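Read off the chains here:
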Amino acid sequence: MIERWALVSGLKGDLDTYELIQKDLKKTQGNITLFVLGDIIGPEKNCNRLLHRLINPKSNDLQPWCIYGWWEEQILLESGYRGDQRAEALRINKGEEVVKSLTNAVDKSFLDWIAALQFGFVELDCGLIHGSSKDIGENLTLDTPPLTLLDRLTRLQVNRLFTARSKKQFHLELTQGTVNSEVEDLNGNRKKEQKVPQKAVIGIGAGKNYTLYDVGTDNTQFVQAGYKSEKRIKGFGML
Amino acid sequence: MNQAVISCLHANLPALEAVLKDIEFQGITNITCLGDLVGYGPQPNEVIQLIRDKKIPTCQGCWDEDVVDGLDACDCSYPSQLAEKRGHFAHQWTTDKLTKENKDYLANLPYSIRKDKCLFVHGSPNSQHEYLLPDMDAFAALERVENARAEILFCGHTHQPYIRELADGSIAVKIKNAAPKDIQEKEIQLPMRRIVNAGSVGEPRHGGTKATYVVHNEVTNEVKIREVEYDLELTCKAIIDAGLPPIFAWRLKNGFEFAEQAEDASHVCER
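Those sequence lines, one after another, are chains A and B. So the first sequence is numbered by numbering that gives the first Met the number 0: it starts at 0 and just counts up by one. So the second sequence is numbered by numbering that gives the first Met the number 0: it starts at 0 and just counts up by one.
In case anyone wonders, no lab produced these hints; they're calculated from the structure. None of these values were measured; they are calculated from a predicted model. Treat the hints with caution; some may be incorrect.
Here are the simulated DSS-like pairs of lysine-lysine, each with C-alpha atoms no more than 30 Å apart in a straight line [unchecked claim]: (1) A:198 - B:175; (2) B:53 - B:102; (3) B:185 - A:166; (4) A:190 - B:116; (5) A:25 - B:175; (6) A:11 - A:166; (7) B:173 - A:190; (8) B:173 - A:194.
Next comes chain A alone, as it looks inside the complex (with noise of 0.2 Å):
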């Protein structure tokens, strides 16, 4: 049986898109596991249908695993579970109305479930994080310099990293490189030559647009959800 994962993120509350992912991958063949890369509320819809849902599934659901993302975050904060810190970056940016839209989509007695959620999750040889290992609230795309990638990686110390905070769909593979290195401390001289082992980051899409990932065969398939799979044309920007 091939063993796939499907990959969402971004639903913002939006319970209709979650079931139409999750009638979506009834038919979709294989072993499927589904995992959640946050932002599962957001400011915009009431939240609570979703959130009870994600922790509620229904019997022929698949079981969603999720994980926290910046929106979970900026509630966490608002909400007093990261000390005495505060939403402040999401108030200075987007204004009092919707750090008040937010905390208003949400009951009071998800709170705890949401502040159970982990960073991300390490599965195989790949980590599946919200933004990056360094910032959650990191946008990781094909514009994001190579060695910047390389490091989250590293830091992470995984083959592949899936990422959800561009919202974009990307599968971009670091396949080679090197680079010499040489210490000299007080016992004398050394050098080293680096190589880069061949890694990929894997942006997954948010809402509708989502990923199929292929444990086996190392493949994605960007799909939007109630339309068929697809491959997605992207060019590079400015890397």
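Using the hints provided, position chain B relative to the given structure of chain A.
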């Protein structure tokens, strides 16, 4: 023109005086300090006062930060519970000894100092608690310098002086899962960058007892590690007289290489 970079003074006045004398002897007037003025050692106020009197630009180290803000490093900073206990004792002792004026001075130190192509930090551009060890992953080391938009990164924190040059780097990338016409491969050339660790004036951990610092020639870019002898007995006696843990004196006297350093020193404390 030469500049001297000193770090990790750790309240060791005889060591600081000896190093400043050595710098003066070479005719260098441009000095930068990378923090950790206090902690472990017996003369925190005296060391701060000397740095202030000499008007030496200084970054805030992890000890300087913790003495002001309270201990906020996670357990990863220490190799054992006993070492952690000793560290906490030294923290409390230092907090009690420091004058309000000197605490305010430490509180207002910058995280980093930038001079043209040089960036000066205590641990790394990410954190005062991150160790940039001489043999850490070369790409990760290069990323620290490059993302800080520097050509030379001066750091301390490890108490082991070194000069590391990262050169002739490249990374090749390829977009997978795109239409055939959009599948692109590119090779990105990486810039040559250097990391210079100044070691420690007041608590060397390089296997010897001498204080270390570095001298950088801003014209030729040459960097030299300097070792300086100081009156070790004086500091050790002051540690014992102050009631600080005797092991602090013992390791100074023996040049204990791995004193109080966590097993995974590359771990980034998330606090």
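Against the structure, the hints come out as follows:
For the proposed pair residue 198 of chain A and residue 175 of chain B, the alpha carbon gap of about 12 Å is at most 30 Å, so the pair holds. In summary, the hint linking residue 53 of chain B to residue 102 of chain B is supported, as the alpha carbons are separated by about 18 Å, within the 30 Å threshold. A C-alpha spacing of about 23 Å is found between residue 185 of chain B and residue 166 of chain A, which places the hinted pair at or below 30 Å, so the restraint holds. A C-alpha spacing of about 24 Å is found between residue 190 of chain A and residue 116 of chain B, which places the hinted pair at or below 30 Å, so the restraint holds.
At roughly 26 Å between alpha-carbon atoms, residue 25 of chain A and residue 175 of chain B fall within 30 Å of each other, so this suggested pair holds. Simply put, residue 11 of chain A and residue 166 of chain A have alpha-carbon atoms about 12 Å apart, close enough for the 30 Å limit, and the pair holds. Taken as a hint, the residue 173 of chain B and residue 190 of chain A pair is honoured in the structure, with Cα atoms around 29 Å apart against an allowance of 30 Å. Only pairs whose Cα atoms come within 30 Å are accepted, and residue 173 of chain B paired with residue 194 of chain A is accepted, the gap being roughly 16 Å.
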